[in-house]
Amino acid sequence: MQESANKTPQREKRQVVLSVRDVTVGFGSNIVLDNLNLDIYRGEILGFVGASGTGKSVLMRTVLRLLPRRSGKIEILGTDYDSADDAQRMELDTRLGVLFQHGALFSSLTVKENIQLPMREYLDLPQSLMDELAYLKIEMVGLAPDAADKYPSELSGGMIKRAALARALALDPDLVFLDEPTSGLDPIGAAEFDMLIARLRDTLGLTVYMVTHDLDSLFSVCDRIAVLGQKRVLVEGTLDDMFAFDDPWVQAYFRGKRARSVVTTEEDAAQLQKSD
Amino acid sequence: MASQQLPGGDGERLIARGDWRNHSVGKVLPTLVELEGAAGKGRVEIDVSAVQAIDTAGGWLIRKLITAKQAQGREVALVGAAANIDELIAVLPEKAPAPPASSGPGASLFERAFAPLGRMVSETAGDMVAAMHILGSAVRGAQMKLGRGGGVSPASVVNQIDHMGVRAVPIVALMSFLIGAIIAQQGAFQLRYFGAEIFVVDLVGILQLREVGVLLTAIMIAGRSGSAITAEIGSMKMREEIDALTVIGLNPVGVLIFPRLVALTIILPLLTIISNFAALYGAAVVTLTYSGITFDTFLSRLHEAIDHTSVASGMIKAPFMALAIGIVAAVEGMKVGGSAESLGQHVTASVVKSIFAVIVMDAFFAIFYSAIDF
Chain S
39 MQESANKTPQ
49 REKRQVVLSV
59 RDVTVGFGSN
69 IVLDNLNLDI
79 YRGEILGFVG
89 ASGTGKSVLM
99 RTVLRLLPRR
109 SGKIEILGTD
119 YDSADDAQRM
129 ELDTRLGVLF
139 QHGALFSSLT
149 VKENIQLPMR
159 EYLDLPQSLM
169 DELAYLKIEM
179 VGLAPDAADK
189 YPSELSGGMI
199 KRAALARALA
209 LDPDLVFLDE
219 PTSGLDPIGA
229 AEFDMLIARL
239 RDTLGLTVYM
249 VTHDLDSLFS
259 VCDRIAVLGQ
269 KRVLVEGTLD
279 DMFAFDDPWV
289 QAYFRGKRAR
299 SVVTTEEDAA
309 QLQKSD
Chain B
57 MASQQLPGGD
67 GERLIARGDW
77 RNHSVGKVLP
87 TLVELEGAAG
97 KGRVEIDVSA
107 VQAIDTAGGW
117 LIRKLITAKQ
127 AQGREVALVG
137 AAANIDELIA
147 VLPEKAPAPP
157 ASSGPGASLF
167 ERAFAPLGRM
177 VSETAGDMVA
187 AMHILGSAVR
197 GAQMKLGRGG
207 GVSPASVVNQ
217 IDHMGVRAVP
227 IVALMSFLIG
237 AIIAQQGAFQ
247 LRYFGAEIFV
257 VDLVGILQLR
267 EVGVLLTAIM
277 IAGRSGSAIT
287 AEIGSMKMRE
297 EIDALTVIGL
307 NPVGVLIFPR
317 LVALTIILPL
327 LTIISNFAAL
337 YGAAVVTLTY
347 SGITFDTFLS
357 RLHEAIDHTS
367 VASGMIKAPF
377 MALAIGIVAA
387 VEGMKVGGSA
397 ESLGQHVTAS
407 VVKSIFAVIV
417 MDAFFAIFYS
427 AIDF
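One line per chain: the protein sequences are S and B, in this order.
For the first sequence, position 214 (counting from the first letter as 1) is numbered 252 according to this note's numbering, and the numbering increases by one without interruption.
For the second sequence, position 306 (counting from the first letter as 1) is numbered 362 according to this note's numbering, and the numbering increases by one without interruption.
Everything labelled a hint here was simulated from the structure, so no lab data went into it.
Cβ coordinates follow ideal geometry from the N, Cα and C atoms, glycine included.
Only true hints are included.
Dumping the calculated EDC-like pairs for lysine to aspartate or glutamate here, alpha-carbon to alpha-carbon at most 20 Å: (1) B:K83 <-> S:E129; (2) S:K111 <-> S:D60; (3) B:K151 <-> S:D184; (4) B:K391 <-> B:E297; (5) B:K120 <-> B:E90; (6) B:K120 <-> S:E177; (7) B:K120 <-> B:D142; (8) B:K120 <-> S:D169; (9) S:K269 <-> S:D60; (10) B:K120 <-> B:E101; (11) B:K151 <-> S:E177; (12) B:K83 <-> S:E159; (13) B:K97 <-> B:E68; (14) S:K295 <-> S:D278; (15) B:K391 <-> B:E288; (16) S:K269 <-> S:D72; (17) B:K120 <-> B:D103; (18) B:K391 <-> B:D299; (19) B:K83 <-> B:D103; (20) B:K83 <-> S:D169; (21) B:K151 <-> S:E170; (22) B:K83 <-> S:D162; (23) S:K269 <-> S:D285; (24) S:K111 <-> S:D124; (25) B:K83 <-> S:E170; (26) S:K188 <-> S:E151; (27) B:K391 <-> S:E192; (28) B:K97 <-> B:E131; (29) B:K151 <-> S:D169; (30) B:K120 <-> B:E68; (31) B:K120 <-> S:E170; (32) S:K188 <-> B:E397; (33) B:K151 <-> B:E90.
Some residues of chain S that are not near chain B, with every Cβ distance over 10 Å (derived): (34) L76; (35) R80; (36) S90; (37) L104; (38) I226; (39) D261; (40) F283.
This is chain S alone, in the form it adopts within the complex (with noise of 0.2 Å):
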């Protein structure tokens, strides 16, 4: 946030995670996304944003191959997977981490084994190394050793988020993508989570792609902010890049009311001078 002032002119070097070229997404006569680009860089944390019904879910899915797509090409860690044999797809598929919003947990088995179910899957490791790594995971999301053994359904809102993070990131992946990670979680518990996803970037090299409307994520951890509006990215960049842009939705959401208060606590404040 600090150096976001010089950043830019750095961007274009770094490595591209996520590329998103001309992708059209509709259902029916009802088009979504229409000719849509984004680019996600290597170890940055990407937030995204757009009003209700606006088609940020539709584009992590279309992204995931979960949506189908009309036209459009997308890259993942330099693969295209449409074009990838067998073994680059498995290899693309240990790499990519999510968490669903509803945290998309097994109701059928232990937090622990929601974890371990990906490390069996793809990893050669002895099952005392994998209970040791699932408890580690279970720490590093802030979970207590004794939730290892319950079920999504014995567990609050926010700790099937934090177990569905455990599970995302079971297999220590590349790129994450986050569906509203900080929505049920309270304010500790949620600048807690912001924490922690910072922290695994650092440590991990993790890229973040996360969808929030949390404004204290975006003010706090987000390196850079798209927004989604019009079937297409409206503006990418940083925080600096948000509120100069002239678009009356962008201008409520970053300069409202809530926005406001965020920014006015915290450190920031000295941004938002430095933009008025």
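Starting from the structure of chain S, add chain B where the hints point.
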């Protein structure tokens, strides 16, 4: 992973190189276990400058090695670590977060032998209470407050009749046609030895009207609609929809289960009638084909063989069986917990238990009828 003596002989240097990510760390595990156990003196340097890539799994193994060496009372230093490796290892805890200790000593043999039996008995008792609760609340109606009437909507009952009754007609008719035909064929072939082929009409008529018609229809409905009721109510329970109804002030049993019970008790007798007609038609076709008994002869023989008690004794059973199916399905639906697995278990249990209940009920009716000479 390699080990070499430090110059000066006051310790050793462990060198890690290559890819230390989760898909490849499995290879160094045996070496690591050996190194962790190996005794030695002096300081230990772990050189990670040649590590190309690392993740939590690799970081954790190095962290464990450091802990193991420190436990031997030796000084450990991590050398040549890039900033990210340093930070990664620093954030990892010294030992794995302990799994919670299993609570208490294991159960004794006596407990292990009889606990499941006791659980089964108390569950059965609980099921009976739940069944009575459902029957009672269903009669009580949709509203929980006094003075607001029963509140059962006819639309919902009609809708259930359409789902569970009208759409089941083709399959029930086809099944009964075949069953009637099979009974007639087997009966005709056996009775032919005694020259009593014409009595196959008595056999089919009495068997179908008194027992088989209602029994098979009830089993078909238990499999078709009982499972659907359990699945519907169970998934509503999972998504807290049942709780939402309660909070709004409606009685979930009255709103959801009562219309289904009413619909079941209406459709099962009607489907039994269809089943009886289809089975007798199937028997008539088969006896015409195999034994040359014309439809006219079949009907006049049937008229002599059966009377209204044959029809009534079968039909009386239908509403009771319908209630049993509905209540068992509803009880199982209300027992569904939070997981998809539990939904599957309870749907299975619902079908098995309701078919069992139907057959047991049929047996008791048979004993009862013979006792009163009906």
